[in-house]
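Novice: Order-wise, the sequence lines are chains U and B.
Take the position in the first sequence, starting the count at 1, then add 6; the result is the number in the working numbering.
Take the position in the second sequence, starting the count at 1, then add 20; the result is the number in the working numbering.
The set of hints was computed from the structure by calculation and includes no laboratory data.
Please note: incorrect hints may appear among the correct ones.
So the derived list for chain B, only partly shown, Cβ under 10 angstroms to chain U, looks like this [as the list claims (entries may be wrong)]:
#, residue
1, T150
2, I286
3, V468
4, P471
Derived BS3-like pairs: lysine-lysine, alpha-carbon spacing no greater than 25 angstroms straight-line [unchecked claim]:
#, chain 1, residue 1, chain 2, residue 2
5, U, K332, B, K247
6, B, K395, U, K239
7, U, K51, B, K395
Every beta carbon over 12 angstroms from chain B, so not counted as near; a handful from chain U, in silico [as the list claims (entries may be wrong)]:
#, residue
8, K332
9, S341
10, S353
Positions of the beta carbon are idealized from the N, C-alpha and C atoms, including for glycine.
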Amino acid sequence: MSAELESRAIQGVELAKKAGADEAWVSAEQSRDVEFEYRDGALEKVKDTTSRSLNVRLFANGRYSSHSTTDLKADRLQSFIADAVAITRALEPDEYRKITPAELFANRPSDDLDLVDSTVATLDRDRRVEWCKALDETSHKHERVISATAGVYDGTSMSAAASSNGFVGSQEQTYCWFGSSVTLRDQGEKRAEDGFYAGGAHVADLPDAASVGRIALERTLSRLDSEKGPTMKGTMLVDSRAAASLIGRLLRPANAGSVQQERSFWAPLIGKKAFSDKLTIIDDPLVPRGLASRHFDSEGISAKPIPLVENGVIRNIYVDTYYGLKGDMTPTTGSASNRRIATGDKSLAELIAEVGDGVYVTSWLGGNADSTTGDFSLGLRGHMIENGVIGRPVGEMNVTGNLRDLFGQLEMLGNDVYPYSSTLSPSLVFGGVDFSGV
Amino acid sequence: MTIKRREFLGHMAAGSAILTVPGFLTGCGVQQATAIADATPENPFMDWFGVDQGTVARVMSELTANGADAADLYFQHTRSNTLRLEDGIVSSANSSIDQGVGLRVVIGEQTGYAFTEDLTLPSMLAAARTASAIASGSRVAAPQSFSPAATGKLYTTTVPWASVGIDQKLPLLKYVETKAKSLDPAVEKVSVYWADADERVMIATLDGRLVTDHRPMTRVTVSVTAKQGDETQSGYSNIAAREEFGWYKTERLDTMVQEAVDRTMILFEARRPPAGEMPVILASGASGILLHEAIGHGMEADFNRKGASIYSDMIGKKVAEPFITIVDQATIPRERGALNYDDEGNATGRTELVKDGVLQSYLHDEISAKQYGLKPTGSGRRQSYKFAPMPRMSCTFMEDGPHTKDEIIASVDHGIICETYTNGQVQIGAGDYTFYVKNGWLVEGGKVTAPIKDVNIIGNGPESLKRITMVANDARLDTGGWTCGKNGQGVPVSQGIPTVLVSKMTVGGENVS
């Protein structure tokens with residue numbers, strides 16, 4: 007299959023050159039996805055699809071544009087690419103729009119990332135339904151359950167890319183996820199809801215489906231009788247799952263585009279101590295079986311681990327070819343892979359004991375952050391921590407502050423990395439945080 | 021390059037396309053599949069997708085070979101274009117074509133779904149067999165031909181986007197940039213993002229209907245970064261509609277640009293409000309986000325048929341003051357959330373969620389309507405052929421109430437006014453929802469005092485509805501380009517509201533210790 011996709015990409019480059027492009031980057035993608043949903047004892051939805059597309063980046067007369075299509079019929083494709091070249095020529099020239107220099111293709115790693123599990127292709131209806139039933143059974147084991155939906159999602163994605171300056175490469179990855187969402191009868195008309203999903207590149211890495219259903223139920227049960235917590239300044243413990251999305255918010259402005267466009271609070275801090283010395287973040291595309299592992303990025307730059315933050319000092323940001331040239335920065339990669347956050351040495355229970363009193367955040371609800379200033383305000387759900395133990399469930403609260411200040415107040419990290427995310431973060435403890443509630 | 025206003029208007033009126041992307045109906049290389057029977061007159065949508073009545077009938081027959089209560093084929097072709105102006109030049113464009121057919125079979129509450137981007141008969145038949153595997157009954161009688169439904173008129177255009185060249189769009193982006201820079205010397209960077217799309221859908225249903233719809237869409241966003249001393253602030257504004265190029269009148273663009281610059285410059289003075297519970301005034305227009313999150317999602321019948329919404333047992337009950345009526349309506353011409361037909365081929369309309377304070381009706385797709393024994397409300401929507409439809413909102417708004425904006429402000433001793441928003445979210449079961457306020461004001465002693473920024477607001481849907489104690493008479497729909505995401509599917513929506521007072525909500529902010 008990868009050979010067929012590669013030849014499709016190479017043909018695309020030829021078509022683009024023939025249509026008048028000076029340089030071209032073409033990627034061909036294909037994926038197979040299967041989705042089963044099983045609700046309250048019955049199969050509710052089966053979706054089984056194969057999808058493909060062709061993506062083209064063109065450089066002509068110092069101009070640039072990008073295009074994609076799912077219509078791969080030969081004659082349509084030819085006119086699509088001809089139109090694409092015409093669109094490119096109608097734009098304004100930009101001296102920084104250049105195809106990725108071939109030297110950035112060099113030293114492509116050959117590590118076996120083990121991203122393909124051949125058993126995924128052999129999964130059949132019976133196996134998926136068996137998982138669904140196991141999830142369904144354990145996530146219903148409580149008299150307050152109103153409804154529970156179990157889901158299984160698996161598939162394979164493949165892509166190949168080729169460029170007019172010599173790049174050819176292909177990547178393939180399998181995935182398999184399952185879990186369930188649970189709704190419980192709570193006070194009055196309220197329903198408590200939560201869920202849990204596990205997944206990875208390999209079926210063998212998945213926990214037992216029944217245990218995943220059990221965790222989904224337990225997480226939801228812990229939400230019952232949730233109340234609004236106090237308005238206060240205090241310590242915040244963010245569990246490893248919720249930490250992944252908080253790290254994502256911190257890193258959103260950590261790219262050359264935002265810096266060059268003066269919309270990044272990271273800009274004046276590059277090369278400086280910006281955060282707590284306990285914070286170290288590495289973008290690592292070479293994690294075996296990693297959810298975002300790869301040998302090369304979306305413009306062909308060879309993959310390598312990139313330290314973003316080391317002991318609170320900003321070492322690198324995400325830099326692609328275009329903004330690298332425009333902003334005079336050396337390209338690293340324009341797109342994130344796995345983020346590894348250096349861990350601490352305490353278990354979650356030890357963190358809770360050490361915090362003593364504060365708020366334990368298990369998930370976020372809405373909120374946002376301003377990339378230019380770092381100001382943020384987020385809705386949260388979780389529990390109060392009282393006398394070193396987890397107390398009553400709280401929700402309908404906000405936490406508000408500035409991301410730079412917050413990560414300056416990072417006091418402790420756990421040793422409990424959440425495995426089902428491409429951001430591999432432990433639980434995080436922050437001091438002096440503003441909460442709003444009652 | 022600077023364009024004076026008159027020149028700009030000239031460009032808008034006279035620009036003939038040097039570059040015209042081939043139109044939907046003029047594309048070359050259309051192939052007809054083998055005709056079996058073609059009882060209806062020529063249908064340009066069928067021609068484009070390279071199918072005819074016979075092909076569609078054969079695929080439908082295959083799709084329903086193991087039984088079906090309902091089934092549909094959803095053919096879609098979307099051509100989208102984007103342009104970006106940055107650092108004074110338009111040097112980035114994107115075009116994309118998304119074409120495919122989604123095949124769905126429904127038995128009771130069970131759905132089988134497949135799609136293919138290869139519109140040849142063998143490929144469509146294979147996808148039909150995949151989707152039909154959910155069923156294990158016996159073949160139902162599929163129609164031999166499909167009757168075209170009347171074409172909708174909510175967003176008819178005279179010039180399709182495919183015939184508007186980049187030479188016409190480019191001066192518009194330049195104008196927006198120049199205008200933004202002219203409004204305040206502190207403005208350092210301006211970027212302008214353009215999007216237009218022509219979407220065509222053709223839906224063939226098991227009961228023999230053939231619905232076609234041409235859905236144009238466009239949006240312009242301007243982002244501004246300004247500097248004062250060491251401080252940098254950025255803000256943005258956008259406008260969106262199911263419209264054509266001529267909609268972009270200078271006045272409309274000027275209003276958008278002024279908003280973006282105002283929203284950015286005020287941030288230099290704005291502070292965080294004190295944290296905690298307080299009265300919240302929601303300004304008219306974009307504050308309709310309250311309705312979307314606090315009640316709209318909870319009224320989508322897929323959650324309710326599972327008993328999973330906080331509103332599941334509340335139909336017919338009083339949920340708000342008697343002067344409150346909340347509506348979801350897809351039939352408002354040219355709005356971003358407007359639809360002639362939903363994505364199941366059903367006629368759209370007006371659904372009262374709350375009438376005079378009483379909860380009235382959920383938003384139904386065919387599956388939920390059947391379960392409740394009701395007619396669908398035309399609310400079955402999907403992001404694209406890649407997804408099965410589900411109940412969704414369209415244009416959600418509250419009607420005018422008996423108060424005035426001034427009365428509302430005067431009634432608040434310590435609180436805030438919320439004006440602009442970036443996003444919101446809701447938990448359907450618990451009813452807790454949030455929205456993020458980018459700009460607003462403190463209200464002290466019944467007067468608007470200082471600007472505020474960047475606070476999340478959190479509340480509980482039914483509780484907030486009960487706490488809407490005043491509703492003004494200045495209802496309007498927001499013109500921003502809102503997209504609603506649910507279960508991984510994004511669809512365009514509109515929202516609106518008059519100025520309202522919610523007597524108590526939890527506002528993110530700082531704790532004065």
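Novice: Now tell me, hint by hint, if it's right for this structure.
Specialist: Structure-based check of each hint:
1. T150: holds, 5 angstroms
2. I286: violated, 13 angstroms
3. V468: violated, 21 angstroms
4. P471: Not OK, violated: P471/B not within 10 angstroms of chain U, min 14 angstroms.
5. K332/U x K247/B: holds, 20 angstroms
6. K395/B x K239/U: This hinted pair is violated, its Cα atoms lying about 52 angstroms apart.
7. K51/U x K395/B: It holds: about 22 angstroms lies between the C-alpha atoms, which stays within 25 angstroms.
8. K332: For K332/U, whose nearest Cβ neighbour in chain B is about 8 angstroms away, the distance does not exceed 12 angstroms, so it is violated.
9. S341: Nearest chain B Cβ is 16 angstroms from S341/U, so the label holds.
10. S353: Consistent with the label, S353/U stays out of reach of chain B, its closest Cβ about 29 angstroms off (over 12 angstroms).
Hints 2, 3, 4, 6 and 8, counting from the list given before, are not met by this structure.
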